[in-house]
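As a plain string of letters, each chain reads:
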Amino acid sequence: MAEYKLKVRRYQPESGEGPYWEEFKVDLDPSLSVLDGLLQAKDRDDGSLSVRCSCRAAICGSCGMKVNGQSGLGCKTQIGEAQELAEKKASVSPTSNGETPAIVVEPMGNMPVIKDLITDMESTHWTKIRRVTPWLLPHGEAPEREYVVEPESMIDITQSMACIQCGACVSSCLSMEADPDFIGPAALAKAYRFVGDPRDAETVERLHDLAHDPHGIYDCTHCFSCIDACPKGVAPMDQIMRLRRKAGEEGIHDDPNNGHNHEAAFVGIIEKKGTLDESLLLQESFAPGLKGKLKPTKGAIKGLLGSLPVAIRGLKTGKMRSLPKLIPGVHPKLPDGAQDEVKAIYAHAEDHREEFNIYIRGEEDVEPEPEPDETDSDSGAAQPHGGGAGETLGAGEETTEERPL
Amino acid sequence: MTAIKVAYWPGCVSRGFTTELHGSMAIAAEKLGIELVELDRANCCGAGVIAEHNQELADTLNARTFALAQQTGLSMMNICSTCQGAQSECQQRLDADSAYRAHVNEVLSGQGLSYEKDKDGFTNKNFLWLLVEDYGLDRLAEKVTRPLSGLRVGPFYGCYVVRPKERLGYDEFPDRDVYLEKVIETLGGQVVEYDGARKCCGFPVITMNRDTSLRQAGTHVGDAIDAGADCLVTPCPLCHLNLDMQQPEAAKVVNRDLGLPVLHLPQLVALALGAEPKELGMSRHIASTKSVEARLAAVPA
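Taken in sequence, the protein lines are chains C and F.
Reminder that position 367 of the first sequence reads as 367 in the numbering used here, one-by-one numbering, no gaps.
Reminder that position 40 of the second sequence reads as 40 in the numbering used here, one-by-one numbering, no gaps.
Rather than coming from a laboratory, the hints here were simulated on the basis of the structure.
For clarity, every value in this text was computed on a predicted model and none was experimentally measured.
Accuracy of the hints is not assured; some may be wrong.
[Said to hold, decoys possible] With a Cα cut of at most 25 Å, we get these calculated DMTMM-like pairs of lysine to aspartate or glutamate: (1) F:117 - C:355; (2) F:165 - C:355; (3) C:316 - F:257; (4) C:89 - F:133; (5) C:302 - F:257; (6) F:165 - C:363; (7) C:316 - F:276; (8) F:252 - F:226; (9) C:272 - F:106; (10) C:343 - F:106; (11) C:316 - F:293; (12) C:89 - F:195; (13) C:88 - F:134; (14) F:165 - C:177; (15) C:88 - F:133; (16) C:272 - F:40.
Just chain F, same shape as in the assembly (with noise of 0.2 Å):
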């Protein structure tokens, strides 16, 4: 068994506004035997808006996270379906012209950084497809130690993980926008099928038209109740806080009780392999887990 060692970014708002992702992303860790190496000094991927103001500007940030990951001399983990697009896309890019990318590294050469293409087989991976591509599910099936029997989980990817397919690397794992139901059934769940799975939480437009966002937000969430789902699970924390954080308000934008509790990946994997709800964070969250805590109650580790 191949150990797995990353060199991991948690990005911002894991340790902003979804500090429980954080913290259960520790937990999953552990008890997969995953070693996380923080990269504690790496800057924010930007999430798309700092491209929007200066594309070079998000190319040379997120360059230098690649280069103090390649420092590592490991590959890199992200938990955010944000940060994974973000960076793909910016990745994309420096590794599209040698002349681009030598200019983006004169200004990290002075910080003794340098993101070199293809270094030592250097990739970027949000947990989700490392979990299945590099750790195997198989694997994770062993670890398992309380199925989540009877657990109807609704899987909820994120735009930047699922689009445009042609950058993040559908050609090579063309199954990626179908890990999450795999991880589910994995870990003993059952999958729960509903509209919205891969479509817009609506986070990015939350201050600019916040109709639009709550629309799209309630409406998933919504469907996903109507489709029988006990939960939601989604791998980015932008995503948890329109669907989570925002559920309320959602609720009045759509017209409907909603009140879905949405986990974070991690916090599933975790609580399939025996952590309890209270370390994971769970009671931080807006829409209360507690409905999925007592099914799995039932369950013990």
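This is chain C alone, in the form it adopts within the complex (with noise of 0.2 Å):
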């Protein structure tokens, strides 16, 4: 048993007055979790505590919530270790006073706050999981039973599908913050559960859909909060990188914010050069090859411009003032041969394209060293890939016995 204090942001729309902080002294088990010690605080010092919450088991998705700064699940907060990070912060603090800290805990962000700790999910987060289309769409006459694909073509969509709709990743979303309407983590993971969906007809049509909406796919800043708030191992970031991914393998290049170009004129460049040629980059984002220099869109030629009093200012300071900075393309290529190195593995990478996902196959044990007195023949022998009892899976993830469906 431990002693906590829980520094909660309360809220009472009833009352007329705005937001406050109030502090709950809590008693509990280090293991216990903040959700514990919200409960207790209701039970024991004020009943009007308001926090969603039900299974205490991280598989409802209810209890959402910012514990410290991090957006997650108030019932996967170990309390213990809410304190260490408090105490963590404290200690490089310029504003601690040398008293043990308390655990702040806050409704999530980026969403209306109703009450307490309870935020308005509808607004934010069910409304952009309806703007993605979040059913199946298969063409055809309907099948009798039920539509049958194999088992292995389900298997890529089971990370987008553990998602228990929490809104841990919207509440910690950078770009959101920025773009309110910037359609978020939950609803473009939930997407791709979709595009990756055998039995949907409609992939190209999703996945246009997506990259031309300018607060779509494009419009992630790549920060990884997501990543690191969903507890359920779902990588929202990463399936938005999937559908962009996709999105150019349909061959849908011109999406409004340049996102295509850009990605494609980084991986020429990197084939080409070896190292990045910023001002080329620059260029080629905006105005890719011949046709694009021709013909640039108004985005391109606004982009372009923009970047002008840029360019303008690092040639004053002296930034941008040699040749291979200043002129696209002039920058020189890796030495010695290097170059071709860089050129063959893209040759090889280009052709085989294997997505390698830890969530879906996990990492593998180590094999321990044999003893030198051993004489069994198979010892020493790799490990074989794929399934099988010696698996571990990393850190966040899931069992398979685990995954919905």
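Put the two chains together into one complex, using the hints given.
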């Protein structure tokens, strides 16, 4: 048993007052959860303390909240660990006064707050989920019973399927903080669940829609916040990147955000030069190839013109005074035949394009070094890849038994 | 005192749009006594963008860099949060499965290269991590000849070095996301706490959604100014581009005056170790660093 202080961001709409902080002293085992602490405070101190919760086992998705600024589930955040994190923050904070710090508990971000820790999921989370048409769109006549597909063809989307709709990713999304219209991690991970489903017949239409929405797949700022926040290993940002990859593969190259051009330009520059030629990247992101320069889009002209003041300032301070920086394409290749090695890597990788997903395949056991006196002929042989009892999964991944369908 | 020698991957941008970083790292290493063996044949880490296009390509490109480093028998050091994050992601996949690793090594073997998991305790660490974990803050404190007394520094980490925790070694080193604060304190500076320290600078979307990108940069710089910072410090040159080079544009997007100097981590370290602002390329920054220089001029090296 240990004592903790929970500093909770409260809000009572019927009071007419704004949000305020209230501290609760709770007393529980460090291995219990922040949610357990909140429920104790609700039970012993103030029954009006409002929080959504149900299963207390990280499967219903009700108790999304921010603990010490980190979005996640209240039931999956150990109170002892939360205290350690609060102490770590306080140890480098100039405002800490030597007192034992409290665990700060706030409602989820990027959503309106209804009361205390209860947020309005409907206007943000669910509206965005509906935006991606979250149901199968098969073509042709409906089968008599069910659509039959190979089990292997559904494995890829099990990671997206693990989503319990808790909203922690939406809460943590930094793109959404800057652009509330961003479709967001939860909805885009859900979109991938359908894009990757072999029974869906409108894959290209979905990809086109999400790529062409200026607040769609190319509005993600690539910050990993949603991956860190997700309690189920969905890794929404990874699903967004897969949507980008698939959109590119389907030939959707003309998104209004120049997202695909940027990706293609970057990839192409490294194949030719080995390291990044920034001014060429800028140019090719907006006006790729001959066509892009002969007939630039309005957005391209705007983007390139907008970069001029930045370049001029760079010239003035001396940042961009050398030719390779100023003139796109002058950047040197890698020395000594190294560029050919890079080209060979491109040829091999573009041919195979293997997408190794640790969530699906897991991490291998490390084969222990055999004892010197062992005469068993099998010792020292490599562990066979894939399945098997010896496979362990990395931190944060689910075991195959738990994966919902 | 164990001498530190590393296989040094400087990254692309430190030799491109932020050469002051490359130069100041050389000066900082010399003052610290760290020997840098530059991997001049190594290639771009992909910055997460190549992985978006073809994961195997990014994994193979980084396996090549790791293999080149392993050839020197040394562990690797990078000076870019983005390189750290992109490379750690690829390394996690390569280490997870020997068959996949063998497949990736297929093309490398033709070049006489091979990435071996855990070879000689091989690690890839950002300069910030190396400074705290391998060099040591006590040792760093001893080298300080010009304490940054009174300089209020806001840390800006860069997403790729603080998330996702599970593949960036936080199990073994849980304090990695407060290292900048520790370094600032060790160098005699004053830590400034503000909202954006571990948030996104917006660089990855600068060409895709300029408003989202610069709104983030402008907001975080603004918050740091409001919290009393004299400057920011960052271990990522891509963050530096959005926070410094784009600062005047970001100011327009968030509709307020900014003008906050942004230092590269090696610059901050080298200043405290006696280097002069001019030799660290500080005059090349877009957001003028004159105010930092004036503050430090009061304290002789």
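Exercise for review: Could you work out which earlier hints the structure fails to respect and list their numbers in ascending sequence?
Suggested key: none
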